[in-house]
Amino acid sequence: MEQDRQKLAEQLRDGDPETLDGLIEVYQHRLFRYLMSLTGNRPLSEDLFQETWIRVLERGHQYRPDWKFEIWLFSIARHLAIDFSRQKKGASLDELMDPEEGTGFEPPADEPTPFDRTLAEEEATRMTRLLDQIPAVYREVLTLRFREDLALDEIAAVIRAPLPTAKSRLYRGLEGLRKLIEGGIA
Amino acid sequence: MNSELHTRAKKLIVADRVEGISAAEHDWLEGHLAECGECSTEASRVSAAIQAFRAVPMTASPDLVRRTSSIVLQRARQKRTARRESVPLWIATAVSAASMAYTSSYVWSALAWIGRFSHMPEILWQSGFLMWWFMPASVLAAAAAWRRTKQQNEYWRQKWQ
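In order, the protein sequence lines correspond to chains A and B.
Quick note: the first sequence, position 181, residue 180 per numbering that gives the first Met the number 0, numbers continuous.
Quick note: the second sequence, position 71, residue 70 per numbering that gives the first Met the number 0, numbers continuous.
Careful: at least some of the hints might be erroneous.
[Said to hold, decoys possible] Result set (SDA-like, lysine to any residue): computed pairs, CA atoms no more than 20 Å apart in a straight line:
no., chain 1, residue 1, chain 2, residue 2
1, A, 178, B, 53
2, B, 9, A, 170
3, A, 166, B, 104
4, B, 78, A, 16
5, B, 78, A, 78
6, A, 178, B, 78
7, B, 9, A, 179
8, A, 178, B, 150
9, A, 178, B, 9
10, B, 149, A, 175
11, B, 78, A, 150
12, A, 178, B, 115
13, A, 178, B, 76
14, A, 178, B, 6
15, A, 166, A, 147
16, B, 10, A, 175
17, B, 78, A, 8
18, B, 10, A, 13
19, B, 10, A, 177
20, A, 178, B, 54
21, A, 178, B, 10
Derived by calculation from the structure, the hints in this document are not laboratory data.
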């Protein structure tokens, strides 16, 4: 594993096009999901997705093999999202969210019927609207923990916060998620 | 059943998902859930919430991935080309710096002699020396700036295409 990361660090330092192509392929959905959790806005997440990969190319020499690649990738994405929100005159990430957005989720990949697709889209939209009600700081850690399966210390590294902060956000986020889903289902 | 036991169980249900619990705590919780319907329902609710959160389909569109790959690959290739092209620039810089260091005193003497021979004002031949001194650096800086502008224009052209 350490050797793989060492090799990856060298390839990133060299700006190797094939390596970057492979990384985009492997991490496309994970990065996009994380960006959606931060912004709650699909067009903005798409812009940040592109910018993140360009930043990976430009800053490849800063990657250290003792970091998991996804931790570094998410940190870059987070940084860009925060920069963007600051450019919007200090708006918080939550203020960037439009509750009417979020209808653009992809249908499942196993070729469902149009009826199934419509049902799935409706369910996805309903869930997305529910999740939009969770503040971005909590949605972010929930995504990192329950979708990306990151450990607590890795989450703390991505959000650049002490471990207790990451933990308390997760507890609060999970509590909020539970109440929201129960309310939404009821 | 003691209400403290329920409180402990509910805390452990969430802690298990968030940070993990010890094997002993896990065994205790399992035993409690087997006997307590209320806490068992609570555990199911937490699991259902996480499951629902995980189940929301959220993927990057193939078109976005294709566009991103194309931009990043193009940029990576440009960077490689630029790096290759910058080698002669670095060599030229090194050669020019070395030659200036070695020849400065001779050029100064030569220009001073020309100045005296042609009765030129001192400021004129000294300005000539300064021009000679800065010429290679100026030419190289101009070449580097031109290359950088060209690369940036190319980058924006591709990005907005």
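Return the numbers of the hints above that this structure violates; sort them in rising order.
-> 3, 5, 6, 8, 10, 11, 12, 13 and 18
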